[in-house]
Amino acid sequence: MNLRRTAAMSRKEFTQVRRDPYSLIVVLFLPLVQILLLGYGARLDANHIPVYVLDQEGSQDSQALLKAFQASPYFDVIKAVDNYHALVRAIDADQCKLGIVIPWDFSERLADAGRTSVQAIVDGTDDNSAQLAEGYAQAVVATYASNVQLDWFARYGLSQQATTPLSVDYRTWFNEDLESKNFIIPGTVALVMALMGALLSSLTIAREWERGTMEQLIATPVTALEIMVGKLVPYLAIGLADATLCAVFAVGWFGVPFRGGSGAFFLATTLFLIVILGIGYMISVATKSQLGASQYALLVTLLPTSMLSGFAFPIDQMPAPIRAITYLVYSRYYVSALKRIFLSSAGISDLVPEVVAMTIYALVIGFFATRAFHKSLQ
Amino acid sequence: MNDVPSIVVDKLVKRFGDFTAVNQVSFQIRSGEIFGLLGPNGSGKSTTIRMLCGLLTPSSGSATVVGLDVARQAEEVRQHIGYMSQKFSLYNDLTAIENLQFFGGLYGVKGRALDERIAWAIKMSGLAGSEQLLTGELSGGWKQRLALGCAVLHRPQVLFLDEATAGVDPLSRRQFWELIHEMSREGVTILVTTHYMDEAEYCNRLALIDQGLIVEMGTPTKIKQTAIKGDLLLVECSPLGGGLAAVKQAPGVLEASVFGAALHVVVSTGRQPLTELPAFLAAHDVRVGRIELISPSLEDAFVSLTGSRALGSESYQ
Ligand SMILES: Nc1ncnc2c1ncn2[C@@H]1O[C@H](COP(=O)(O)OP(=O)(O)O)[C@@H](O)[C@H]1O
Ligand SMILES: [Mg+2]
Numbered sequence: 001m002n003l004r005r006t007a008a009m010s011r012k013e014f015t016q017v018r019r020d021p022y023s024l025i026v027v028l029f030l031p032l033v034q035i036l037l038l039g040y041g042a043r044l045d046a047n048h049i050p051v052y053v054l055d056q057e058g059s060q061d062s063q064a065l066l067k068a069f070q071a072s073p074y075f076d077v078i079k080a081v082d083n084y085h086a087l088v089r090a091i092d093a094d095q096c097k098l099g100i101v102i103p104w105d106f107s108e109r110l111a112d113a114g115r116t117s118v119q120a121i122v123d124g125t126d127d128n129s130a131q132l133a134e135g136y137a138q139a140v141v142a143t144y145a146s147n148v149q150l151d152w153f154a155r156y157g158l159s160q161q162a163t164t165p166l167s168v169d170y171r172t173w174f175n176e177d178l179e180s181k182n183f184i185i186p187g188t189v190a191l192v193m194a195l196m197g198a199l200l201s202s203l204t205i206a207r208e209w210e211r212g213t214m215e216q217l218i219a220t221p222v223t224a225l226e227i228m229v230g231k232l233v234p235y236l237a238i239g240l241a242d243a244t245l246c247a248v249f250a251v252g253w254f255g256v257p258f259r260g261g262s263g264a265f266f267l268a269t270t271l272f273l274i275v276i277l278g279i280g281y282m283i284s285v286a287t288k289s290q291l292g293a294s295q296y297a298l299l300v301t302l303l304p305t306s307m308l309s310g311f312a313f314p315i316d317q318m319p320a321p322i323r324a325i326t327y328l329v330y331s332r333y334y335v336s337a338l339k340r341i342f343l344s345s346a347g348i349s350d351l352v353p354e355v356v357a358m359t360i361y362a363l364v365i366g367f368f369a370t371r372a373f374h375k376s377l378q
Numbered sequence: 001m002n003d004v005p006s007i008v009v010d011k012l013v014k015r016f017g018d019f020t021a022v023n024q025v026s027f028q029i030r031s032g033e034i035f036g037l038l039g040p041n042g043s044g045k046s047t048t049i050r051m052l053c054g055l056l057t058p059s060s061g062s063a064t065v066v067g068l069d070v071a072r073q074a075e076e077v078r079q080h081i082g083y084m085s086q087k088f089s090l091y092n093d094l095t096a097i098e099n100l101q102f103f104g105g106l107y108g109v110k111g112r113a114l115d116e117r118i119a120w121a122i123k124m125s126g127l128a129g130s131e132q133l134l135t136g137e138l139s140g141g142w143k144q145r146l147a148l149g150c151a152v153l154h155r156p157q158v159l160f161l162d163e164a165t166a167g168v169d170p171l172s173r174r175q176f177w178e179l180i181h182e183m184s185r186e187g188v189t190i191l192v193t194t195h196y197m198d199e200a201e202y203c204n205r206l207a208l209i210d211q212g213l214i215v216e217m218g219t220p221t222k223i224k225q226t227a228i229k230g231d232l233l234l235v236e237c238s239p240l241g242g243g244l245a246a247v248k249q250a251p252g253v254l255e256a257s258v259f260g261a262a263l264h265v266v267v268s269t270g271r272q273p274l275t276e277l278p279a280f281l282a283a284h285d286v287r288v289g290r291i292e293l294i295s296p297s298l299e300d301a302f303v304s305l306t307g308s309r310a311l312g313s314e315s316y317q
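Residue numbers (our numbering), protein chains in the order written: chain A, 1 to 378; chain B, 1 to 317.
These are calculated hints, taken from the structure and not from any lab test.
From the three backbone atoms N, C-alpha and C, an ideal C-beta is built for every residue, glycine too.
Treat the hints with care, as some may be off.
[Claimed, not checked] From the structure, some residues in chain A lie toward chain B, with a derived Cβ separation under 10 Å: (1) I121; (2) E215; (3) R259.
[Stated by the list, open to error] As a list, the in silico EDC-like pairs of lysine to aspartate or glutamate whose alpha-carbon atoms are at most 20 Å apart: (4) A/K288 / A/E210; (5) B/K248 / B/E276; (6) A/K67 / A/D105; (7) A/K375 / B/E178; (8) A/K375 / B/E276; (9) B/K123 / B/E178; (10) B/K248 / B/E292; (11) B/K87 / A/D105; (12) A/K375 / B/E292.
My request is simple: use the sequences and hints to build the entire structure.
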């Protein structure tokens with residue numbers, strides 16, 4: 001690979017982005033709009049969810065749990081009812097979004113095995129907020145349960161390692177203040193990278209064909225590899241700049257913590273961008289049309305990233321077959337890495353599975369991308 | 001000009017499916033020669049050039065450019081050639097200077113040499129003072145000369161120009177051909193394609209190509225002399241269609257066809273057509289206006305050789 005030719009290619013590509021209003025919108029506004037929308041969206045539907053409760057036990061423990069719900073900014077315990085029917089009617093009548101049933105043996109089982117079973121009845125008409133409500137309810141219960149368990153450990157003088165702690169989803173574990181924005185916003189970076197990377201890279205080759213510049217280009221000594229690398233490097237740089245912008249915005253505007261290492265952040269983002277840009281590039285080679293390419297690219301990057309990556313819909317709540325599919329979705333690893341980098345203090349060494357998975361993807365996609373384009377008019 | 005062939009084309013064939021676009025084409029071009037491929041649209045000119053630039057793989061036959069095989073050494077070939085494609089497309093969203101820098105970078109021209117070549121290209125294309133304009137804002141003639149500049153920044157030994165003057169005003173075309181001749185004098189081998197007959201006259205040698213086949217090759221003068229086997233007459237008459245039908249029956253007439261608003265008629269030498277023809281046509285109810293002996297143009301040669309309709313030098317596209 002000749003560096004001078006590659007650099008000439010990169011420079012030209014960058015100048016074209018700079019002069020193209022569409023690309024500029026994608027580069028400059030899309031990330032901010034996206035993070036604002038999702039950040040505020042997450043806030044709005046998470047606040048003050050109306051809750052009815054049916055406390056079948058009426059013990060100190062059950063009252064303590066209800067207090068935990070009441071204390072959370074996400075729930076308003078409006079009313080206690082004394083039978084199941086009243087609870088179901090209230091949900092049907094849309095008087096509440098969530099009904100909580102505390103069983104008659106709640107404190108017994110809590111003391112016995114440290115395992116709680118609280119029934120949550122959710123108004124399923126609005127899928128998204130139902131899922132959120134369910135997620136928060138779980139988190140409240142889990143936090144409460146772990147507090148109980150810690151008490152219990154203290155009381156019986158057991159070391160914490162001696163028993164399996166409650167299985168709590170790490171997202172709530174680290175997202176200890178239970179803020180939905182903390183859960184949503186780190187994953188938004190993945191969404192922005194997928195959207196931006198796919199939109200821009202899918203234009204690269206198609207634009208040359210559509211504007212009739214391809215023939216002139218491939219008649220020069222520049223190689224297919226130099227074309228690919230030269231074209232994608234500017235988008236990698238732009239992507240990293242946008243990711244930084246998103247992170248700064250997440251922290252500065254929304255107050256999301258950033259506890260992990262920035263090295264891990266850039267490594268994970270680079271690997272993810274290589275995959276996204278490689279896919280967009282291959283699609284651009286295959287379709288030769290800018291419009292077609294950008295549509296296909298969004299389909300294969302944005303869709304899995306928004307649906308199957310765990311960005312908004314928790315993977316552990318998906319049906320088993322879909323959960324299995326998510327292991328094939330490259331964005332899953334990036335979203336997982338992002339959440340851990342933002343919310344826990346994960347560095348590169350804590351992210352080995354994610355980094356390995358993404359490296360494999362980057363290598364495979366990169367391998368096929370370098371072979372996708374041939375300098376021929378055939 | 002010397003006698004070392006710079007381009008050797010041997011029985012080159014290109015098929016698209018079962019359609020043969022280029023059929024057993026052979027020719028040789030010497031260093032410093034300006035060689036023209038002349039033929040109507042769809043005759044296979046661009047396909048031939050694309051094979052020589054390594055952009056299309058020949059179906060059969062072979063070709064070398066500066067001694068390199070175009071099929072097997074395409075990448076090496078590209079180091080030595082300049083190419084202006086049919087729709088000489090530069091990047092409209094880059095400035096003139098950015099286009100030059102880009103192609104300079106791709107051809108590996110660097111440092112002082114690049115600065116010098118860019119200065120030369122700006123001067124040559126008459127763009128001094130407009131270097132910072134976006135290429136999309138330049139007129140056709142400027143764009144075309146800029147494209148030529150981009151194609152020869154690396155001082156290639158061979159230059160391929162595919163319909164390089166299409167859609168450019170006559171003055172720009174003349175300037176362009178002066179540049180071509182200058183490069184030829186410096187030893188650059190130049191292959192041009194055109195369907196403009198007047199342009200073909202600027203070439204040292206020509207190949208007339210029709211439906212993928214070369215029908216004649218030689219200097220423009222020789223082609224015109226040998227293609228027309230007789231005397232050529234211009235006949236203005238009315239009605240034109242009736243005149244054509246009638247004149248084909250006249251004694252001594254070998255060929256006749258419509259050229260613009262008149263007929264071109266070939267008669268065997270040694271006859272007295274200027275007196276015989278008007279009498280014959282009058283007897284067939286055709287009124288004759290002007291009638292005179294003319295010297296054949298390349299277009300006459302082409303029509304005569306292929307039996308096809310005229311290229312219609314300006315309007316044909
Ligand atoms: N890629 C292709 N696939 C199929 N047919 C083609 C292709 N390129 C050119 N042709 C056909 O080959 C013939 C010659 O085309 P071309 O070489 O462009 O002619 P010219 O340059 O003389 O106008 C035309 O009939 C054209 O339609
Ligand atoms: Mg052509």
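Verification of the hints:
1. I121: violated (58 Å)
2. E215: holds (4 Å)
3. R259: violated (43 Å)
4. A/K288 / A/E210: With a Cα-Cα distance of about 7 Å, the restraint between A/K288 and A/E210 holds, given a limit of 20 Å.
5. B/K248 / B/E276: holds (13 Å)
6. A/K67 / A/D105: holds (18 Å)
7. A/K375 / B/E178: Answer violated: A/K375 to B/E178 is near 32 Å, above 20 Å.
8. A/K375 / B/E276: violated (62 Å)
9. B/K123 / B/E178: holds (14 Å)
10. B/K248 / B/E292: holds (17 Å)
11. B/K87 / A/D105: violated (82 Å)
12. A/K375 / B/E292: violated (54 Å)
Checked against the numbered hints above, the structure violates hints 1, 3, 7, 8, 11, 12; every other hint is satisfied.
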